[in-house]
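Going down the list, the sequences are from chains A and B.
As numbered in my numbering, the first sequence has no gaps in its residue numbers, which increase by one up to the final residue, 249.
As numbered in my numbering, the second sequence has no gaps in its residue numbers, which increase by one up to the final residue, 154.
Bear in mind the hints are in silico, worked out from the structure with no lab data behind them.
Idealized CB from N, CA, C, for every residue including glycine.
Just to be clear, a hint being listed does not mean it is correct.
Stated by the list, open to error - Chain A is nowhere near these chain B residues, computed Cβ spacing over 12 Å in every case:
hint, residue
1, T78
2, I91
3, E128
4, V130
5, K133
6, D140
Stated by the list, open to error - Calculated cross-link-like contacts (lysine-lysine; reagent style PhoX-like; alpha-carbon spacing at most 25 Å):
hint, chain 1, residue 1, chain 2, residue 2
7, A, K100, B, K133
8, B, K133, B, K101
9, A, K166, B, K144
10, B, K101, A, K100
11, A, K159, B, K124
12, B, K90, A, K100
13, A, K93, B, K90
14, A, K166, B, K101
What the hints assert, rightly or not - Just so you have them, the derived chain B footprint on chain A, three or more residues with Cβ under 8 Å:
hint, stretch
15, 70-83
16, 135-144
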Amino acid sequence: MTRRVVITGLGIVSPVGHSPEQFFSNLMAWHSGIKHLQHDFIDQLAVRIGAPVEDFKPTDHFSKIQLTGIERFSQMALVAAEQAVQDAQLHLDESEYPRVGVHMGCCLGGAATLEEGYIEVFKRDNPRIKPLSVLLSMNNAAASHISIKYHLQGANITYSTACASSAIAIGEAYRQIKHGYAEVMLAGGFEAMLTLGAMKAWEALRTLAACRT
Amino acid sequence: MSSLPTIQRMMVEQFDLKIEDLTPAATLKSLGLDSLSVIEFMFNLEDELNIKMSDERVELKTLQDVTDLVDKLVAEQTGAAK
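Excised from the complex, chain B in its bound form (with noise of 0.2 Å):
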């Protein structure tokens, strides 16, 4: 299942922004949002999902980009932990 409803209501809850603005194709930057205010919400996303991420540096642009990432650290770590 993909992490994308989980990201735009977060995202919602976090930073006000409107549902109808946070299609996969929207970049952060295009929705207000700096690389420190990608950390906070990343981070916040670990404790939601329980997931890890890894410390190399992941270029994200778009929410569609945020949620391959999230999927694919989803699917690999609930995989690890079975």
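Chain A extracted, bound-state conformation (with noise of 0.2 Å):
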């Protein structure tokens, strides 16, 4: 047996957008969200533009105790997720916890974190890792506070194949209520990977567009 799948919610933060009403008529504006960055480190950067998620205060959404345990990716991915609650205003009660599930997509996760830590290991005598490293910036620490947030119990899985990650997900998600493995999926994907290393890596792969002016 199949199933008509529909989607009831949207939300997003993004470099044209921080709900899905913004997002879309910037588009129509045609704003890219593509300027030139101003991170400390862009002398470094041969290519220096790109486009950052800019306005987005953290402390207006967490607790300082909640932010220690949350990276910029996940937090994104946490107040895009609260947005597409409210508007498919899904309203579950305990027994349906079990037969809904989140599938998202992710490439490089907490790039800030790890390149925190390698830093820490690589250029300093006596490292001091954060205890917190791994669950900051694994790639799958977005659906999974996602899931605790919501008491989501269904499959929680994180793709991450390269620029298709997120329509992966959305599609491995139709899939799962499709076939009747869950009633209801939160899916999508996020990444925060503007910082020096990740820039590097995509600039000597020479994939960046370089900028003209």
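Since each chain sits alone in its own frame, please combine them into the complex, following the hints.
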């Protein structure tokens, strides 16, 4: 038996907008989100344009205690998930938790935490790695935070398939519902890789568009 | 000297907690701290006080428990350094 699947709620935190409405209207107004980057490491890059998420203040959404264990990509994922849950007016009772899952896409995860750890290990004499480094940076951290927040006990999987990651996650979530494994899925993707190491790596691959001005 | 004032100050700075809530009897749970945030806090305390936690599991329920542990380590390790 296969079932019809519908999308009932949307959410987004991105360089183009911090809500679906803002995102769409900015796109329609030709705003790409791409601009000259202002990072403090910018002098070390040949390519100095990118699409940063601006005006996202973590403390608007999380307490400092919560932020101890939630990396930037997970913060944005949680805020986007909250928008989608509200948009869908999703109200679950306890008996429904096992039938609701999370499928997300992500390539690099907590790039900032990883780089901080590498600098500590390779450049300092007595390296001190933050104890929560693994929990902050692992690719499936955001999906885990989402399931913890909403008590979702269905399949929780993070796909890492390059630029197709989020699309795969949404497609596989569709199949979860279509084939009867779940009633509801939260699906999407997240990334926060505007870090020096990630930018240098992409630069080395010659895949970044240079600014001609 | 007790490490309580240092612990209180760092909890205010790191977690935005109110100093008046940070009584010795206050439980970490009542302050909203889970095991992970406590681990991160203890890591920062190590840096601040130049001490090293042991790998043994220690049950920390209240701020007084944290203070007692830290005071003991400061006494042992600053003594060992002399």
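With 12 Å as the threshold, tell me whether B/D140 passes as away from chain A on beta-carbon distances. B/D140 clear of chain A: closest Cβ-Cβ about 21 Å, beyond 12 Å.
Does the structure keep A/K166 and B/K101 at a Cα separation of 25 Å or less? Between A/K166 and B/K101 the Cα gap is close to 22 Å, so the pair holds against 25 Å.
Could you let me know if the closest chain A CB is still more than 12 Å away from the CB of B/T78? Non-interface label on B/T78 holds, nearest chain A Cβ at 18 Å vs cutoff 12 Å.
Check on B/K133 being off the interface with chain A, judged by Cβ distance over 12 Å: 17 Å, holds
Over 12 Å to the closest beta carbon of chain A is the bar; see if B/V130 clears it. Nearest chain A Cβ is 15 Å from B/V130, so the label holds.
Are the Cα positions of A/K159 and B/K124 separated by 25 Å at most? Holds. A/K159 to B/K124 sits at ~21 Å (cutoff 25 Å).
Can we confirm that no CB of chain A comes within 12 Å of the CB of B/E128? With a cut-off of 12 Å, B/E128 remains clear of chain A, as the shortest Cβ separation is near 15 Å.
Is the straight-line distance between the alpha-carbon of B/K90 and that of A/K100 25 Å or less? Roughly 12 Å between the alpha carbons, so the hint for B/K90 and A/K100 holds.
Are three or more residues of the stretch 135-144 of chain A within 8 Å, CB to CB, of chain B? violated (count 0)
Tell me if the straight-line CA distance from A/K93 to B/K90 falls inside 25 Å. Judged against 25 Å, a Cα distance of about 22 Å means the pair holds.
Hey, A/K166 versus B/K144, does the alpha-carbon distance stay inside 25 Å? Roughly 23 Å between the alpha carbons, so the hint for A/K166 and B/K144 holds.
For B/I91, is the shortest beta carbon distance to chain A beyond 12 Å? B/I91 is indeed farther than 12 Å from all Cβ atoms of chain A, at 15 Å.
Checked against the numbered hints listed earlier, the structure breaks hints 15 and 16; every other hint is satisfied.
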